[in-house]
Every structure is written in structure tokens, then in C-alpha cells.
Amino acid sequence: MQSQVKRQQHVDELLPPVLQQKDPTNNSLSPSSSARCTDPYQSDKLLAEIRSAVQLHRVTSNARSTIAPRNTK
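The opening position of the sequence shown corresponds to residue 0 in numbering that gives the first Met the number 0, with each subsequent residue numbered one higher.
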């Protein structure tokens with residue numbers, strides 16, 4: 000626990016003061032995460048892009064599994 004606190008303090012020292020502010024949009028991030036997004040629009044946009052990529056991956060994975068392999072004989 001103390002190592003996490005020290006690591007976060009080190010990260011906070013490296014970040015500009017604007018990024019050190021607590022932001023309610025970052026509640027889903029782990030306390031030891033150094034990634035911070037202070038702009039709610041950018042945060043929502045990034046989350047939407049991630050969800051879209053995950054959904055696309057699922058669709059393509061399902062499509063690949065339903066396509067029968069070609070007979071090479």
C-alpha cells in the first residue's frame with residue numbers, strides 16, 4: 000500500500016498542476032494509474048472508441064469462427 004502511495008506521489012510530482020486535480024470522470028481508473036483525462040468530452044470520446052473497437056473485434060471473431068475452412072485436397 001505504501002509503495003502505491005509513493006508511486007502516486009512520484010507521478011503527481013511529474014504531472015503539471017492542472018492534471019493533478021481530482022476529476023470525477025477518472026473514478027474508473029485505479030489509484031495507481033498514471034493516466035488522467037481532465038476533459039470529459041475527450042474521456043467520453045476515447046471510451047466510445049474503445050467500446051467500438053471491442054465490439055468490432057467480437058464481430059470479426061464471430062465471423063471467422065462461423066466461416067468453414069476451405070478443403071485444400
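Rather than coming from a laboratory, the hints here were simulated on the basis of the structure. All C-beta atoms in this analysis are idealised placements derived from N, C-alpha and C, irrespective of residue type, glycine included. Any given hint could turn out to be false.
[Said to hold, decoys possible] DEER-style ranges, computed between Cβ atoms:
#1 Lys44 <-> Ser2: 29 to 39 Å
#2 Ser2 <-> Ala62: 38 to 48 Å
#3 Ser2 <-> Thr37: 18 to 28 Å
#4 Ser64 <-> Ser2: 20 to 30 Å
#5 Ile66 <-> Ser2: 41 to 51 Å
#6 Thr59 <-> Pro39: 45 to 55 Å
#7 Thr65 <-> Ser2: 28 to 38 Å
#8 Asp38 <-> Thr65: 39 to 49 Å
#9 Ile66 <-> Pro39: 34 to 44 Å
Against the structure, the hints:
| no. | hint | verdict |
| --- | --- | --- |
| 1 | Lys44 <-> Ser2: 29 to 39 Å | holds, 33 Å |
| 2 | Ser2 <-> Ala62: 38 to 48 Å | holds, 45 Å |
| 3 | Ser2 <-> Thr37: 18 to 28 Å | holds, 26 Å |
| 4 | Ser64 <-> Ser2: 20 to 30 Å | violated, 43 Å |
| 5 | Ile66 <-> Ser2: 41 to 51 Å | holds, 48 Å |
| 6 | Thr59 <-> Pro39: 45 to 55 Å | violated, 30 Å |
| 7 | Thr65 <-> Ser2: 28 to 38 Å | violated, 47 Å |
| 8 | Asp38 <-> Thr65: 39 to 49 Å | holds, 40 Å |
| 9 | Ile66 <-> Pro39: 34 to 44 Å | holds, 41 Å |
The structure is inconsistent with the numbered hints 4, 6 and 7, although it conforms to all the rest.
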